[in-house]
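Those protein sequence lines, which keep their order, are chains G and W.
Each number in our numbering corresponds to the 1-based position in the first sequence with 886 added.
Each number in our numbering corresponds to the 1-based position in the second sequence with 1469 added.
Quick caveat, the hints were computed from the structure, so don't treat them as lab data.
Beta carbons: idealized from backbone N, C-alpha and C, even for Gly.
All clues given are correct.
Here are the simulated EDC-like pairs of lysine to aspartate or glutamate, each with C-alpha atoms no more than 20 Å apart in a straight line:
#1 Lys1488/W with Asp1528/W
#2 Lys1647/W with Glu1674/W
#3 Lys1545/W with Asp1022/G
#4 Lys1545/W with Asp1582/W
#5 Lys1519/W with Asp1107/G
#6 Lys1519/W with Asp1538/W
#7 Lys1519/W with Asp1022/G
#8 Lys1519/W with Asp1687/W
#9 Lys1514/W with Asp1680/W
Quick list of the computed label-pair ranges, beta carbon to beta carbon:
#10 Arg1553/W with Leu910/G: 27 to 35 Å
#11 Ser1484/W with Ile1080/G: 56 to 64 Å
#12 Leu944/G with Val1489/W: 54 to 62 Å
#13 Leu1091/G with Pro1584/W: 40 to 48 Å
#14 Ala1526/W with Ser921/G: 25 to 33 Å
#15 Gly1114/G with Gly1641/W: 20 to 28 Å
#16 Leu910/G with Leu1567/W: 25 to 33 Å
#17 Glu1113/G with Pro1509/W: 20 to 28 Å
#18 Val1136/G with Asp1590/W: 56 to 64 Å
Listing some non-contacts, in silico: residues in chain W with all C-beta distances to chain G over 10 Å:
#19 Ser1473
#20 Gln1497
#21 Val1640
#22 Asp1643
#23 Pro1644
#24 Asp1659
#25 His1670
#26 Ala1686
#27 Asp1697
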Amino acid sequence: MIGRILSLGRRGCDVLEALGRSGLFLAQSGVGIPSREGWYLWLRQMHFVGVLSLAIVLVSGLFIGMVLALQGYTILVDFGAEQALGQMVSLSLLRELSPVVAALLFAGRAGSALTAEIGLMKATEQLTSMEMIGVDPLRRVVAPRLWAGFVALPLLTVGFSVIGIYGGYLVGVEWLGVFEGSYWGNMQASVDFIEDVGNGMVKSLVFALVVTWIAVFQGYDLVPTSEGISRATTRTVVYSSLAVLGLDFVLTALMFGGFS
Amino acid sequence: MIDSPFVEVSNLHFSRGEKVIFSGVELQIPRGRITAVMGPSGTGKTTLLKLVGGQLAPDAGRVLIDGQDVHALSRKALFTLRRRMGMLFQSGALFSDLSVFENVAFPLRVHTDLPPTMIRDLVLMKLQAVGLRGARELMPAELSGGMARRVALARAIALDPELVLYDEPFVGQDPISKGVLVQLIKQLNDALGLTSVVVSHDIQETLSIADYVYVIADGQVMAHGTPDSLDIDDDPRVSQFVHGEPDGPVPFHYPAPDYFHDILNLEGRP
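This is chain G alone, in the form it adopts within the complex (with noise of 0.2 Å):
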């Protein structure tokens, strides 16, 4: 019993332990303005998380964009509601879906890859030698890759809505016969670009950073074995996708609960 509590105690200081190295981490890397060089590596990386992660973000935009207009479509045609078709999709794309989904959908495809090449880079004592040649892995290798996880999300969100939205037309327009006037028109009556818009990219912004610290940490922080890179990998998805659902409900009732 005692050893329990013991273990138990045990635990919670090493996740405290862990929780401060990692602000520690993200405080050291995350500051400073970048060189010239600095810019490029951001470029690189840029290309790396964001545009190899567009074809599933934008693919599954358009999967899910189609299934909430049937879906939606069978329900409101029963209400001879269906005019408002438009506004369903796009409302629950921008506030909800479509920065949870394209969260969920760069930690498995960008930020497990992302620990895992920072892990390879450790275990082959790349990050070692770095820091023996003079110069600091954190500005050089974890910098880059934390900003361009931090700006490409929130991109890949935008795109994710847009071609969502086109689903929700191709299949609710073109198919279902829904007025194409009324699809957009409702969009446009019932959007609000600050209050749907805004608060959708600023949860975006928030998984985005999220997301790559954990993917980033992880990969810096993980033990350099075969074994501990699978570890790691997996946790980077398992975390980060939960953070983001526990966030999105957090950063949900603070903006749409009417608490302000």
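Position chain W relative to chain G; hints supplied.
For chain W alone, coordinates are given in the frame of chain G:
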């Protein structure tokens, strides 16, 4: 040894968790020579290099490099000091996203403002010294283990350091590349006037080039001297290691209960 030693390790204590790695290690590494640090696996030879390079901090004791206390330096001064050191890692540790050329150019690009043509000349000179000028376009994944280590060596000497630390340079190499590395280390040391520290447990290769040898075991310096004096050392521990005998003071068997009892399982263990 007319000069003062280039690296001086005094009364070094270091432990990892409960495990004591060093308890009072004393080393003096003379300028311009090749000093070997040898010892059985797991005695913390790599840890020693990391302590010298300032990546780990000792629990007690000092490491002086050219008179500067490595662990009392500010982070900035430490990075400046590191420019005067090169380190060859066990795995080579080449940056996998850069080509051979870019790997060698990396320290030059970071630390100097030299024009591209001069960087190119310098990189080609270093690659020529390790015999891999023709491999400059290759990526690290396309190199054999021996080639990777030679590229890493070229990178380690790119900034013309005064001190080069070699971490197990011969491990996992075929006889040919072992021979090549032995020669390279010797040649570079003589040609560039480097101070070299070779950490290794490959006895033949290391003793053939070392000017002075330290043998470390159980957290302490067990013996030191010139290669010839070690060969005739009568300390049984030293002689077991130097002559590679399987059993002796360092036992062949991991500590275990009595064999007879264990086989009959008198104690009912799993």
